[in-house]
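Trainee: Chains as they are written, first to last, in the numbering used here: chain A, 1 to 352; chain B, 1 to 352; chain C, 1 to 352; chain D, 1 to 352.
Think of the hints as simulated: they come from the structure by calculation, not from any bench. From the three backbone atoms N, C-alpha and C, an ideal C-beta is built for every residue, glycine too. One thing to keep in mind: the hints can contain errors.
[As the list claims (entries may be wrong)] With a Cα cut of at most 20 Å, we get these calculated SDA-like pairs of lysine to any residue: (1) B:K268 with A:D305; (2) D:K199 with C:Y86; (3) A:K60 with A:I101; (4) D:K191 with D:G212.
[Said to hold, decoys possible] What follows is a list of derived Cβ distance ranges for each label pair: (5) D:E35 with C:G149: 50 to 56 Å; (6) B:K60 with A:Q151: 33 to 39 Å; (7) D:G74 with A:G174: 47 to 53 Å; (8) C:S161 with B:K88: 54 to 60 Å; (9) C:G74 with B:K88: 22 to 28 Å; (10) C:D284 with D:S161: 52 to 58 Å; (11) C:D284 with B:E73: 30 to 36 Å; (12) B:E73 with A:Q151: 54 to 60 Å.
Protein chains: 4
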Amino acid sequence: MAGNTFGTVFKVTTWGESHGTAVGATIDGCPPGLELSEKEIQKDMDRRRPGTGGGASPRKEPDKVEILSGTYEGLTTGTPISLLIYNKDAHSKSYNHLKNIFRPGHGDITYLKKYGIRDHRGGGRASARETAARVAAGAVAKKLLGKNGVQVIAYTVALGSIEVKKRALDEITGNRLFCPDTATAALMEEKIDTVRNNKDTLGGIVEILTRGCPAGLGEPVFDKLDAELAKALMSIGAVKGVEIGAGFEAALLTGSQNNDPLTPEGFKSNRSGGILAGISNGDDIVARVAVKPIPSIAMEQETVDLDNKPVKIKIGGRHDISAIPRIIPVCEAMVALTLADHLMRQKAISSF
Amino acid sequence: MAGNTFGTVFKVTTWGESHGTAVGATIDGCPPGLELSEKEIQKDMDRRRPGTGGGASPRKEPDKVEILSGTYEGLTTGTPISLLIYNKDAHSKSYNHLKNIFRPGHGDITYLKKYGIRDHRGGGRASARETAARVAAGAVAKKLLGKNGVQVIAYTVALGSIEVKKRALDEITGNRLFCPDTATAALMEEKIDTVRNNKDTLGGIVEILTRGCPAGLGEPVFDKLDAELAKALMSIGAVKGVEIGAGFEAALLTGSQNNDPLTPEGFKSNRSGGILAGISNGDDIVARVAVKPIPSIAMEQETVDLDNKPVKIKIGGRHDISAIPRIIPVCEAMVALTLADHLMRQKAISSF
Amino acid sequence: MAGNTFGTVFKVTTWGESHGTAVGATIDGCPPGLELSEKEIQKDMDRRRPGTGGGASPRKEPDKVEILSGTYEGLTTGTPISLLIYNKDAHSKSYNHLKNIFRPGHGDITYLKKYGIRDHRGGGRASARETAARVAAGAVAKKLLGKNGVQVIAYTVALGSIEVKKRALDEITGNRLFCPDTATAALMEEKIDTVRNNKDTLGGIVEILTRGCPAGLGEPVFDKLDAELAKALMSIGAVKGVEIGAGFEAALLTGSQNNDPLTPEGFKSNRSGGILAGISNGDDIVARVAVKPIPSIAMEQETVDLDNKPVKIKIGGRHDISAIPRIIPVCEAMVALTLADHLMRQKAISSF
Amino acid sequence: MAGNTFGTVFKVTTWGESHGTAVGATIDGCPPGLELSEKEIQKDMDRRRPGTGGGASPRKEPDKVEILSGTYEGLTTGTPISLLIYNKDAHSKSYNHLKNIFRPGHGDITYLKKYGIRDHRGGGRASARETAARVAAGAVAKKLLGKNGVQVIAYTVALGSIEVKKRALDEITGNRLFCPDTATAALMEEKIDTVRNNKDTLGGIVEILTRGCPAGLGEPVFDKLDAELAKALMSIGAVKGVEIGAGFEAALLTGSQNNDPLTPEGFKSNRSGGILAGISNGDDIVARVAVKPIPSIAMEQETVDLDNKPVKIKIGGRHDISAIPRIIPVCEAMVALTLADHLMRQKAISSF
């Protein structure tokens, strides 16, 4: 059973390769009556677009999204919503020299071992280009959430070893790194320049905050809300770790330190990250992901070719220095898709 | 859509409350012809049982598993395998005083908000007792994996702030904490005693190592192997974070530091944790989880009752000091269930 | 991917072999707050029990159902409901002589070809005994439907070539064949006796009527209500055909004859069987199934053994003459499970 | 949970409205390495196209299919295959007068009751145009089946009350009705003319024959092969009944008449239709569907408008006289999709 569908009630299937004709998503299960336009979806597409952000690649894709079905006179009809984004600026030829080589840190070797065949051009389906379809679908999920008072915001909290000193949400849109600490963002930009000059790349940490989520979302015991968020976020190519609330720090705390006391005014702290026993508790939902450095580096690396012969490789082409900040709308999309699905799952049982 | 089923091809549905009649699991999709006996499953059950391990609770459950269907003359038949474990030592009355109170750090409040009703006795379905069914099903998954040369081993790498100094797999079974560093295990046991005397509890970190996993498992783009492992592990009650390979450390590395070079003899390092682009690469699969301290503490805590009135609570009863080590077979079970499912998913496409 | 789960939101997984320890069902997704007792479920179990009805086998099974989880103080809690029915009167030894022989009209040969192994005792999982679990789960679905004003009633409309002349619903419980025409039922009983004396068996037709179903159930384009009903009913062992409303007769009509005119008072006729474009229209839902004669006949038949050698077979043991009437609660159960699932699916989208 | 996905391992999601921009399908789970071209898919598209066949509508759609993803150098890669068909000849304006009226026999009223909104143009998603996507996806399934020696052929066996007298498969392509009896086909064409002149429409019966299907496909107890075929076929708009093998006739037979005796050379007859206990037995699989007359008739009919006021309606526009023969490739597609899925499901378990 292949794995290109996410969600169970608000269900998204994505398709498309980096250098194929197009990428796209079909949403099955969006409720009827939701206002939806290409223009609104485009806003999120533009945030994810190549060429934006500090460490971003110069590939120029308009990333223009088209709604092919599922709406009528500006409203969703309850039928499947097909979203299409043509690939325009694919330079497939620049990948010809990679046809017989496995790039370190990439899925070249695993795709071949899995399928026995691969579309090597630009990483095929393993390319970050695939996330364009996630962002388009996520924009629809956000509309549904917005109508229900739920808001998802992602931002950079660390780039390499540089961490933010504050989380001023109003500063996020004021810098190219979507960083809630403008002063630190400037240091991060400097770091990117240094690393670019070293022909290297950078990782970091993104935090995703959800406000206004009602209590009761999440389906024990396997589809708990934190479990589903972990899957959603770990399914993004560059992510190597996910934590909720106190996360790995919780391992260092005692029960009396980690428990969030309840008071008539609500929880006194939020080390749970808004989720108890896999179900949202009405507080802010807080998740963080570890983003690995982009594996395409201009520096020379050791690898092997299809015949398992050792070769040296330098990856040119148009690559980002860090998946941050372009990964940020993708993180938002994955959290939004998870919450939209669980909102609908909860509606199925709550109205009896 | 409720969430008590895990997997898509090797599919497990669990049921049962802490203080109900029984807990159990039904496996649908186990291939025929696999040798299976209650005795073998029992081995894993015994490792998870109350009363074992350093910080464990004194609740005495025989946890005797019965196979009610799906086998014939010692072999699986391809039909559903029903596993049943009766609850014997449930002291439901000792929970009567908690009927109207929300325990901090527990799902009491979220279950009520979600379902409008709850079986408060012993935490109901939110109790760790639910994991008995996971371990039983996981033992079947391990049999399938074993037949395919795959082995899953979990062990303690940190208890509170005490970290192991080595990973000697042959030392794991030599101490009650399933710790691959006997000397450190002794320090951990001391720490447990101190914390117990403080009426508090402890968290820690468990690592799960998979050896012998073939390349090619994992289903991009949403059911990537790392995404599914993250969900599987995060679905365990006490887990607040999951990382694969270098995990959160990868955020601090550059691309040249983090990429695993390929050589004719294989990967030179394993910072990917055995997974590239969501597909196993044939190397060891390495995951780690952050385990929060058990929320049931004997110390007095602030909370509210059903009428949102402030109350003080001290949780007596029979509780563990740490989810470690009893969580260890549960972590193994969840990884085994994930891999068994993906092994079968890959078989579906690979034989054409 | 195995197939022992039915439904998507109100989801039932059944397990168990005819001569194994027990059969059972787990319902995941039943809404909380539904009154449920073993006693109520037992009523439907008793209607399906061996030994009841005109042509029924003398196997004596108490078919006592136990609820192992998912309820608290008489109400469902929203967690999985595990239903267990022990097998008591299994005479496995009487099947020993069939171990190496394929019974005509049975799944003996196909189970072996599919799984490479089979539990031959009493037909294993292919036995009609499996339907006990369906009836138990169906009783829960009926409770949910009842609370929403929906009622499902099945009855015999033909036994062999003897057809009912009327559909007097109040006569159904007045005869052992659940026939809405008592006079015809008497003729049917006579026919059963004749056929039994001939060492042969009989087929027939069952109609399933649903009253009170709200408009709007069914999920185009693949999970249309009629499509799902067809699957549900055809999944019953003895069923070889399913029709909705006018059914096969519709093939003979013209559009002007077949269309149901709409009037301010509702539809003027119901040749659609209550379903238009795969969605319930608020009218009665009418389905019919063709039930094949039971393949276990006492008459001598040609067949082959495991070595593909020709052999003669006479099937003794305790067998029904017709699947009617015991199939009737099974038909009701499958329709009820389908409608309960679709009722919940519709709730998921309708409340936004 | 919406219902626009068919299959579990070979999984197809369709989208698109009759008068929207396009219709399409995404196949997730097609094995890699299958030769696939737009040209081949087009062959089946052309058989379903408006304007072909005896009673067909004059709407002119090129129905040109485009493969947007999932193939590389003429081979499938194992990634999702996106198929797109633009709508060219949609005359939406000719539906304006129907905006406020419910057409008898159509889904107009049920779509509105379900979703609270509808795209009335050309029936929206309830239009037979939706089946273009099924046929495109079915063509891919046929390729997979063909590689495994399985062939699916559908043909007309009755139009209204005119039944074929023989099943000469080599005559099927010799007439516009895909009828295996050319002489009878001529009578059917005459009947169509008469009925057209009467401003009425016609139903009929289609048989779908599968040759070369290996034994072992089908997943008891709910996803039996006959159950899944029943769902697949009943999900086609015009179908009101489905039968397998002897079908409804089996209700009239005794066990000794209906059982297919086994001999060393195989089954002596095929009243089972190639399926025993829900699993293919290696024999031909035979299914038949009852096709209702097309509800769009030029004759005046009674109906109501949105305000539940009585109105008269005559449906002009470009409509077929019978869903036969255009439904024939759709029937083939649905059987092919079912078998491709079950072939893969069986591979998942059979290779251990």
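Trainee: All hints are to be evaluated individually against the structure, with a verdict given for each.
Mentor: These are the hints, each one checked on the structure:
no., hint, verdict
1, B:K268 with A:D305, "15 Å, holds"
2, D:K199 with C:Y86, "61 Å, violated"
3, A:K60 with A:I101, "26 Å, violated"
4, D:K191 with D:G212, "35 Å, violated"
5, D:E35 with C:G149: 50 to 56 Å, "54 Å, holds"
6, B:K60 with A:Q151: 33 to 39 Å, "49 Å, violated"
7, D:G74 with A:G174: 47 to 53 Å, "50 Å, holds"
8, C:S161 with B:K88: 54 to 60 Å, "57 Å, holds"
9, C:G74 with B:K88: 22 to 28 Å, "24 Å, holds"
10, C:D284 with D:S161: 52 to 58 Å, "27 Å, violated"
11, C:D284 with B:E73: 30 to 36 Å, "49 Å, violated"
12, B:E73 with A:Q151: 54 to 60 Å, "59 Å, holds"
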